[in-house]
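Participant: One letter stands for each residue in the lines below.
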Amino acid sequence: MEREIISKMKRTLLVVFLINAILVSTHKGEFWPFSIFPMFSQAGNPWSRGLVIEVDDMNRKDLWETKSLSSIDDRVVALREHGIDDIDYANFISKTKNWDEERIQALRNLFQIEQQGDAKWLASRVTGHLTEQDSVVVKVIPMFLVTSDTTYKNPDLFK
Amino acid sequence: MLRSFFDRLSSNLFEPPAPNTIGTKIYYRLFELFTVTYTIIYAWQWGFYTLRLSDVVLPLGLAQYINVEIFLGTYFPLINAGLITLFVVMALFFDRSKWLYGVAFILFHLHYVTRYSQGEIPHSQNMVGFCLLGLGIGSVFFKEKRHSLQFGLGFVVFFLGLGYTTAAYSKLIATGITWVDGNHLWLWMAEKSVDVLSDEGAFSYNWIQEIALQNRLFATLFLTMGLLTEFFAFLVWWKPFRTYMFIAIIGLHMGIHSTMNILFLSYTIGLFIIGLPWYKVINWTIDHYQINVEGYISRLKEIRNKVQLFTTHHSRRDISHDL
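First to last, the protein sequences are chains A and B. Mapped onto our numbering, the consecutive letters of the first sequence carry residue numbers 23 to 181. Mapped onto our numbering, the consecutive letters of the second sequence carry residue numbers 57 to 379.
Read the hints as simulated data drawn from the structure, not as lab findings. Among these hints, one or two may not hold up.
[To be verified] Covered stretches of chain B (in silico footprint by chain A; criterion: 3 or more residues with CB under 8 Å from a CB of chain A, positions within the stretch not fixed):
(1) 79 to 93
(2) 163 to 171
(3) 185 to 199
(4) 204 to 213
(5) 238 to 249
(6) 255 to 262
(7) 342 to 350
[To be verified] Dumping the calculated DSS-like pairs for lysine-lysine here, alpha-carbon to alpha-carbon at most 27 Å:
(8) 81(B) <-> 89(A)
(9) 83(A) <-> 181(A)
(10) 119(A) <-> 248(B)
(11) 32(A) <-> 362(B)
None of these values were measured; they are calculated from a predicted model. All residues carry an ideal CB built from backbone N, CA and C; glycine is no exception.
Just chain A, same shape as in the assembly (with noise of 0.2 Å):
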């Protein structure tokens, strides 16, 4: 009896490979849970994170420059104090491609940016390479200021 209950398990666990493997190869290695688990395959590519900066003076100078990350460190906004997935944010931020009005709006509802009272964000992009020297290079680049009424976008990205 038991082995019977065994055989019939094994035949189980083989038919739902075969699914697996159908999905995942279907589904460039993805089929939520089935995974090739690719995450960190490619080493060394550059990469494309996202950051939210406090802005205090909308007027500033270097508001929509490139900085690095040390001279922002200071004024970053803990994105999980206002209830805000990083990675989300990070993903939403790197990987879209075309900014029309729907997808600015997810970003402003993703903020909940009207609930943030006089808040001024400057949701970032952050990018990261290696150079030949073998050292990383970090740098910031502003995308569009928050604020409870209004979506500004960088000048110099949106022309």
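Fit chain B to the supplied structure of chain A, relying on the hints for placement.
Facilitator: Coordinates of chain B only, in the frame set by chain A:
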């Protein structure tokens, strides 16, 4: 030969470690309890978070065939979380309802692809997904609860081993053996430091990270150990290697946490529960302290039977009242 390999593999995966002992029964129930607990935690976390989403950036899984955008901006995620909770709790307590694990898995998948439609493909919840899927399939195909638990656990062990090993192959195919070069770890550490800064508003490297940043050889050694652990993770399929391999994998996650600030909490807890021989610890404790576990279990069963009788009696009364 292939057939005998699969026979041996299935024996290693599905045969209970110490049959007919209290330790094994509790071990299987711990696995079930872990699955139910984390399913409920994720169901509500995702449910509340999805309320703030309004746009699909990257459709995953079934979302490639069903437009999950219709669930955004509605209370469906909370209703779904409620249904998932109800189904897994019923399946946990009532043997006749164990098939609800299968239904809960389908809803849970839908829940995941709605929540993670924002461009990220996270893997920290895959363990819980596998556990619920294993219990779901086990409950549908095997009548007795103990068999469905046996299948569920073996199923999870199989896909865990497979997942880590395919991860190692992905790295070797996509980058090659130079994947282990320490400067790659520097680049990832910088990337994850930005994530922590974004999440918490502050970041500083710990001492392990400082050593890795100053010493390329150390960083290379770290990546080499990680790759080797992943590569040989399929050894968890075989009982003699299982505990050692699981300890190595838990060590791998500790290493990832200390160098890249990535903590797969549910994954690590799952590895801890599934991978270590708790049945031995429990059996030893019962024998050593002469604990009357059978007495406690029969009392719990009595309570459960009373609850079942009560609910059946009331549902019959409702029907006769309607008639």
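Participant: Next step is simple, just say for each hint if it's right about the structure.
Facilitator: Right, here's what the structure says about each hint:
Coverage of the region 79 to 93 of chain B by chain A is violated in this model, with 0 residues showing a Cβ closer than 8 Å to a Cβ of that chain against a need of three. For the region 163 to 171 of chain B, the stated coverage by chain A is satisfied: 3 residues place a CB nearer than 8 Å to a CB of that chain, which reaches the threshold of 3. Counting residues of the region 185 to 199 of chain B whose beta carbon lies closer than 8 Å to any beta carbon of chain A gives 6, which reaches the threshold of three, so the coverage claim holds. For a cut-off of 8 Å, the count of residues in the region 204 to 213 of chain B with a CB near a CB of chain A stands at 4, and the three-residue condition holds.
Counting residues of the region 238 to 249 of chain B whose beta-carbon sits less than 8 Å from any beta-carbon of chain A gives 7, enough to reach three: the coverage restraint holds. With a cut-off of 8 Å between beta carbons, the region 255 to 262 of chain B has 5 residues touching chain A; three or more are needed, and the interface restraint holds. Against chain A, the region 342 to 350 of chain B contributes 0 residues with a C-beta closer than 8 Å to a partner C-beta. That does not satisfy the three-residue criterion, and the hint is violated. Under the criterion of a C-alpha separation no larger than 27 Å, the hint pairing residue 81(B) with residue 89(A) is inconsistent with the structure, at around 59 Å.
Of the supplied pair hints, the one linking residue 83(A) and residue 181(A) holds, its CA atoms being roughly 18 Å apart against a limit of 27 Å. Simply put, residue 119(A) and residue 248(B) have alpha-carbon atoms about 23 Å apart, close enough for the 27 Å limit, and the pair holds. A hinted pair counts as satisfied when its Cα atoms are at most 27 Å apart, and residue 32(A) with residue 362(B) does not qualify at roughly 37 Å.
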